[in-house]
Amino acid sequence: MRWILLIALLLTHLLWAPASRAETIRVGAKNFTEQWIVGELYAQALERAGITVERRFNLAGSAIAHAALVASEIDLYPEYTGTALAVVLKEPARGEASDTVLARVRAFYQREIGATWLTPSGIDNGNVLLMRPGTQVADLSALARIAPKLTIGLGTEFVDRDDGLPGLERVYGMKFGRVATFSALALRYDALTRAQVDVINGFATDWQIADGALVALADDLALFPPYQLAPVVRNAALTPRIASILDAVSARLDTATMQRLNGLVERDRFEPAEVAQAFLDGVEPTRAGLPWSRLARATLEHAGLALASIVVGLAVALPLALLAARRDRLRATMLGFSALFYAVPSLALFALLLPLTGLGTVSAVIGLSLYAAMVLLRGLLGGLAALPPQLDEVATGLGLTPRQRLLRVTVPLLLPAFVASLRTALVAAIGLATIAAAIDAGGLGQMLLTGLAQRWPAKIALSAGAAVLLALLADRALLLLERQARSSVA
Amino acid sequence: MNALLPPLLEHLRLSGAAFALSVALGVALGLTGSRIVTQLANLARTLPSLAVLALALPLLGTGFLPSLLALTLYATAPVLLAVVAGLGLVDPSLREIASGLGMTRWQRLRRIEFPLGSPVIVAGLRVAAIEIVAGATLATFIGGGGLGDLIARGLAVRDTQQILLGAVPVVVLALLLEAGLGQLERKLAGKLSDEVGA
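Order-wise, the sequence lines are chains S and Z. Mapping of the first sequence onto full-length UniProt numbering: residues 1 to 490, in sequence order. Mapping of the second sequence onto full-length UniProt numbering: residues 1 to 198, in sequence order.
Misleading hints may appear alongside valid ones.
Taking lysine to aspartate or glutamate pairs in the DMTMM-like style, the calculated list, with each CA pair at most 25 angstroms apart, reads [said to hold, decoys possible]:
#, chain 1, residue 1, chain 2, residue 2
1, S, 149, S, 124
2, Z, 187, S, 328
3, S, 90, S, 54
4, S, 175, Z, 159
5, S, 90, S, 124
6, S, 90, Z, 91
7, S, 175, S, 162
8, Z, 187, Z, 91
9, S, 90, S, 160
Calculated from the structure, these hints are not laboratory results.
Make a model of the complete structure from these sequences and hints.
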C-alpha cells in the first residue's frame, strides 16, 4: 500500500505544484522550430531579469495557441500579424502594408481579447511556395496552370487556412493533383528534395531558403499578407518591465537572423534553448552533443505520465469491475465497450480532450488513464470470469462473511490476472505517452518530435531507446510481482 | 464525402499493405520458432509506434513507404508471437505420430499444426489488424497520409468535426475487423472442438 501512497504524492506534485507558484509568467510557443527558439528567447530574457517562467512549448497550431491565450492558460506567445488576421480575425488580407495589418490586429486584440501586440521584431515570416531549382515556373499564376499535375506538401494548418490552400484556390484558381500534409513541419523539405512532392509551402525564415537551392515563387496577385513576428501578451500579465524586456529581444531579430537561428537548430542540431542562450549572450553556440540532461528530464516526465495514468486508470477500473462482477450482461457490455474504446486512435482522443480539459499534463493523464482503465477492466473481468463458480458457495459454507470472502478468496485468486493486466497497461501507457507530446504534455515524445524536426536519427533513437528501457523495466518489475502472486496462489 | 474519401482510401491502402506484409513476415519468422526471434518480437512490442515511424524516416524519407515499413515492423511482432504460441499448443507426441505416419514437415504444418493453433493465430492477427488501423493515423507525422491527416488538421485549427471525421472511420474500421476476425476465431475454435469431439 505504501507505494500507492508514494505514487499518489508524486502525482499530486506533478499536477499541481507548478500552478501553485505565484508570479510566474507562462510563455507559450507553437510546435515548430522557430517558435521553440523565439519562445526560449522570451523565456530566458525574462528569467535573466529574475522573473519565474513556465514554458508551454508545443502548442499544436495557431488556433490552439490563441485559445490558450484567451483561456489564460498562457500569458504570452510569439505570433505573426498575418496569421492573426487569418486565424483570429478571420479577415482576408487586402494587399495592405505591414503597418496597416498590425494596426488592424492590434485594435481587434485590445477590444475583443484584452491582449497587446508589443512592438514587432524585424521578422516578416511571409508564406512562400517553393520548388526545386531548374523549374520553369516563376510565379503563382504560372503554377496554377500546371497545379493539377502536381503534388504539394503542406503543414497541417496551411490546408485549411484562408491564407493557405483555400486562398490559393480563391485568388489563383489553383487546385493541386494531390496534397500531402506533414504534422512534423520540417519534413516538407525532405519530401521536396527527395522529389516526393513538387511544391511545398515555406516560410521566409526557413534556413533552407538562405542556403539557396530552392526557388521561391512570386505571389503576383498578392494573396499573402505580411507576417510580422511580435510577442502577444495578455493585458493582465503585462507590465512595463516585461514589455521592455521583450522589446529588447524583438529589436535584435530580423528575417536573416531568424534564418540563421533556425539553421542552428535544424541543420546544426543545437537545442533551441542553447541557441537562445548563445544569442542572448551575443556568442555562437558551442558544439552540440546529444542532449543527455534533457533526456533524463524527459524520461522522468514520461515515467510520471505513465505512472499517474495507471493510478487514475485503476481508480476507474476497480469500481467498474466490482460493479460488473456478478452481472453477466453488464460485464459483456463493458467488455464490448472497452474493445471499442481501445480502437480510438490516441491522437484523436487527445485532440478531442483538448477543448474539454485544455493542454498539457492533465489532459494527457486523462487520455492515457482511459486506455489503461480499459486494459485493466478487461483483465479484471476476464479474471473474475475464470473463477470457479462453486467458489462462493464453498466459502459461504465455510462460514465466511461477504467481506472475508472478498478479501481472503476472491482478491488473492484474482491477483495474478490483475498484475498481468497491470503489466500490459503500463507498457502500453509508456508507448502511448509519446503521442501526448502533440498536446504539450512533454516527455520523450517531445524529444522525438524535435529529433524529427532536426532529422537527427541518433536523437530519435535515444528517446525511443529510453521509452523502450522504461517499458522493459516496468515489464520486468511487474512480471516478478506476477510470478510472486501466482506462486502464492498455488 | 469528398473530404473523407481520399484519406480513407489512403488509410485502407496503407493498412491493407501493412497487414499483408506483417502477416507474411510474422508467419515466416514464427515458423523458424527461434528463441532470438521471439525475444526480438517481445522487445519490439515495447517500442512506441511514434518512435518506429520516426526511425523509419532517415532510411526511407517521408510518405507512404516509411509509414508502411514502420507499421509492418510494428505489427509483425503480435503475429509472430501468436504463431509461436499457437504452434506451441500442439502436443509434441502428436507431431511424432504425424512424422511416424510419413508426413512431411509441410504436411504436418498444413494438416495438424496450423489447424490446431489457428484460434490463437487468428487472435494475434486481430490484434495486429486493429493496431495497424489505429496506428496508421500516426503516419500524418511523416506525410504518410490517411485519416490521421484529418485528425491532425482538426487539431491544428481546433475543429472538432474535422477530428471526428478522421477518428470515427478508424473506430468503425477497427470494429469491423474485431467483429470479422473475432467471428473467424470463434468459428475455428468451434470447428476444432467439434473435430476433437468427433
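How the hints compare with the structure:
no., hint, verdict
1, 149(S) with 124(S), "violated, 31 angstroms"
2, 187(Z) with 328(S), "holds, 23 angstroms"
3, 90(S) with 54(S), "violated, 30 angstroms"
4, 175(S) with 159(Z), "holds, 23 angstroms"
5, 90(S) with 124(S), "holds, 20 angstroms"
6, 90(S) with 91(Z), "violated, 69 angstroms"
7, 175(S) with 162(S), "holds, 14 angstroms"
8, 187(Z) with 91(Z), "holds, 22 angstroms"
9, 90(S) with 160(S), "holds, 12 angstroms"
When held up to the earlier numbered hints, the structure conflicts with 1, 3, 6 and fits the remainder.
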